[in-house]
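Trainee: Given these sequences and hints, build the entire structure.
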Amino acid sequence: GENVEQHPSTLSVQEGDSAVIKCTYSDSASNYFPWYKQELGKRPQLIIDIRSNVGEKKDQRIAVTLNKTAKHFSLHITETQPEDSAVYFCDGGGFKTIFGAGTRLFVKA
Amino acid sequence: DTAVSQTPKYLVTQMGNDKSIKCEQNLGHDTMYWYKQDSKKFLKIMFSYNNKELIINETVPNRFSPKSPDKAHLNLHINSLELGDSAVYFCASSQEGMNQPQHFGDGTRLSIL
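Each protein sequence line maps, in turn, to chains X and P. Residue 36 in our numbering sits at position 36 of the first sequence, with consecutive numbering throughout. With positions in the second sequence counted from 1, the corresponding number in our numbering is that position plus 1000.
Simulated from the structure, these hints should not be mistaken for laboratory data. Treat each hint with caution, since some may be false.
[Stated by the list, open to error] In silico DMTMM-like cross-links for lysine to aspartate or glutamate, where the CA-CA straight-line distance does not exceed 20 Å:
| no. | chain 1 | residue 1 | chain 2 | residue 2 |
| --- | --- | --- | --- | --- |
| 1 | P | K1044 | X | E83 |
| 2 | X | K96 | P | E1053 |
| 3 | X | K42 | P | D1038 |
| 4 | X | K42 | P | E1024 |
Mentor: As structure tokens, then:
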């Protein structure tokens, strides 16, 4: 079946550093790649997405890059802040939503 | 106004009971979903409906039965609850089509005693 792998599972950074989370997918028909942020005890919320007709998209401190040939896409957070601490999920499932296992990001003040 | 609302927020019940979770969205979306998030935070799709029609039905025990009376509502009924059903259940909605941003409800924490 289709699969989405997300790494790392845990990421700890110092405030102000950058964080990168990577997802690899298997469905070559996938063409929409969103990232969701879930704070403790809250619902997942979309933070950025990219479609397969572009290679990179940026929104302030957050960016997503896509490599369709290699079937992977990455979330980049620059100048991290304590409020960025959360679990981040990618979806690379294509027709069917398949979330990665999540990355727990800790930003130390 | 809450865009995707689920009730109840918490549900504590005994093994073997039957319970329902309700979900409503006021975004005018055509597609709605149910997800299960276990204690390890894995978020897995269970069902998806588009305009009241079932389009995704994952490998979920048939004790779980979704019902969509109209495109703004997607309820989840669970029969004969088991310990392994303890999880947080999220409802979500999106515009028509699978490749659209999803809006999640606040979740229902189900605890089986």
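Trainee: Indicate, hint by hint, whether the structure satisfies it.
Mentor: Here's how the hints hold up against the structure:
1. K1044(P) / E83(X): Roughly 25 Å separates the two Cα atoms, so the pair is violated.
2. K96(X) / E1053(P): holds, 15 Å
3. K42(X) / D1038(P): Holds, at about 14 Å.
4. K42(X) / E1024(P): holds, 18 Å
Of the hints listed earlier, the one the structure fails to meet is number 1.
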